[in-house]
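Novice: Chain by chain, the residues run as shown.
2 protein chains.
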Amino acid sequence: MRLTLRLDLDETRHIGHGKIKLIELVAQTGSISAAARAMNMSYRRAWLLIHDVNCMFTHPIIETQLGGKGGGHAKLTAEGQSLINLYRSIESTIQKDWAADLTQLNKGLTPAPHIKKSKSI
Amino acid sequence: MRLTLRLDLDETRHIGHGKIKLIELVAQTGSISAAARAMNMSYRRAWLLIHDVNCMFTHPIIETQLGGKGGGHAKLTAEGQSLINLYRSIESTIQKDWAADLTQLNKGLTPAPHIKKSKSI
Chain E
291 MRLTLRLDLD ETRHIGHGKI KLIELVAQTG SISAAARAMN MSYRRAWLLI HDVNCMFTHP
351 IIETQLGGKG GGHAKLTAEG QSLINLYRSI ESTIQKDWAA DLTQLNKGLT PAPHIKKSKS
411 I
Chain W
291 MRLTLRLDLD ETRHIGHGKI KLIELVAQTG SISAAARAMN MSYRRAWLLI HDVNCMFTHP
351 IIETQLGGKG GGHAKLTAEG QSLINLYRSI ESTIQKDWAA DLTQLNKGLT PAPHIKKSKS
411 I
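Line by line, the protein sequences are chains E and W. So for the first sequence, our numbering puts the first residue at 291; every next one is plus one. So for the second sequence, our numbering puts the first residue at 291; every next one is plus one.
Any given hint might turn out to be false.
Since the list gives no way to pick out one identical chain from another, each pair is judged satisfied if it fits inside one copy or across any two copies.
Claimed, not checked - The calculated DMTMM-like cross-link candidates involving lysine to aspartate or glutamate, where the alpha carbons are at most 20 Å apart (straight line), are:
hint: 1; residue 1: K311; residue 2: E353
hint: 2; residue 1: K311; residue 2: D298
hint: 3; residue 1: K397; residue 2: E301
hint: 4; residue 1: K365; residue 2: E314
hint: 5; residue 1: K397; residue 2: D342
hint: 6; residue 1: K386; residue 2: D300
hint: 7; residue 1: K386; residue 2: D298
hint: 8; residue 1: K365; residue 2: E381
Since the hints were derived computationally from the structure, they do not count as laboratory data. For clarity, every value in this text was computed on a predicted model and none was experimentally measured.
Model the full assembly from the supplied sequences, consistent with the hints where possible.
Specialist: Here it is in structure tokens:
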């Protein structure tokens with residue numbers, strides 16, 4: 291069992307596990323297309339998600355440079371690093387602080403995950 | 291800005307803000323249909339979500355009784371209460387403990403939420 295965080299900036303803007311993971315992959319690979327491939331999503335979708343996140347903040351989270359030798363490049367900004375650090379710090383803190391409760395809850399789980407799944411909310 | 295939690299029980303089973311809210315409403319109203327109305331969802335969808343959550347644990351989270359005077363009744367079990375308590379405790383703790391960081395992050399937000407939104411991940 292693990293805990294995942296979502297930052298609800300307001301009614302319409304959210305940053306959750308998926309966007310954080312994508313940003314981290316862009317930071318690691320220096321490329322939106324490599325990050326997209328690693329997450330099995332289209333370049334277009336990855337680009338739009340990065341664009342969404344960049345539009346949420348006055349400073350960009352990922353900076354992109356077009357062209358040049360070897361094509362474009364994408365890199366994490368200092369603001370992006372702070373966002374990732376905050377998200378991962380909260381996540382690891384709660385995972386550690388609530389470990390006993392989560393283990394307890396885990397004991398009550400049914401084994402088989404083959405349940406009829408309705409669209410999650 | 292607020293933090294929302296998701297409990298990832300395993301690859302396919304998750305409990306997030308929506309299901310927790312639905313369970314709380316069922317507990318408050320004693321009725322799946324009243325809870326569904328309050329969340330602007332169909333009775334069928336609410337029933338399926340409750341069913342999903344009940345199937346995740348060896349003890350039910352919500353117990354339902356059919357028929358009788360005034361129709362059926364749904365009530366939160368002790369296990370359901372523990373789940374709600376755990377979820378809300380973690381939520382309020384992180385909201386409190388990370389308040390300064392969230393305020394800081396909030397300062398860097400762009401004001402207008404009218405951004406082109408891609409499907410969230």
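Novice: It remains to establish, for every hint, whether it holds in the given structure.
Specialist: Status of each hint after checking the structure:
Only within a single protomer do K311 and E353 lie at most 20 Å apart by alpha-carbon distance; the minimum there is 16 Å, versus 38 Å between protomers. Proximity of K311 and D298 under a CA criterion of 20 Å is satisfied in both settings, with 17 Å inside one chain copy and 16 Å between copies. In this assembly of identical chains, K397 and E301 lie within 20 Å of each other by CA distance solely across copies; the values are 17 Å between and 35 Å within a copy. Taking the shortest alpha-carbon separations for K365 and E314, only the intra-copy value of 10 Å comes in at or below 20 Å, while the best inter-copy value is 43 Å.
Taking identical chains as interchangeable, the C-alpha atoms of K397 and D342 lie at most 20 Å apart only when they sit on different chains, with a minimum of 17 Å there against 39 Å within one chain. In this assembly of identical chains, the alpha carbons of K386 and D300 lie at most 20 Å apart only when taken from different copies (18 Å versus 28 Å within one copy). In this assembly of identical chains, K386 and D298 lie within 20 Å of each other by CA distance solely across copies; the values are 15 Å between and 23 Å within a copy. In this assembly of identical chains, the alpha carbons of K365 and E381 never lie at most 20 Å apart, being 23 Å within a copy and 32 Å across copies at closest.
Checked against the numbered hints above, the structure violates only hint 8.
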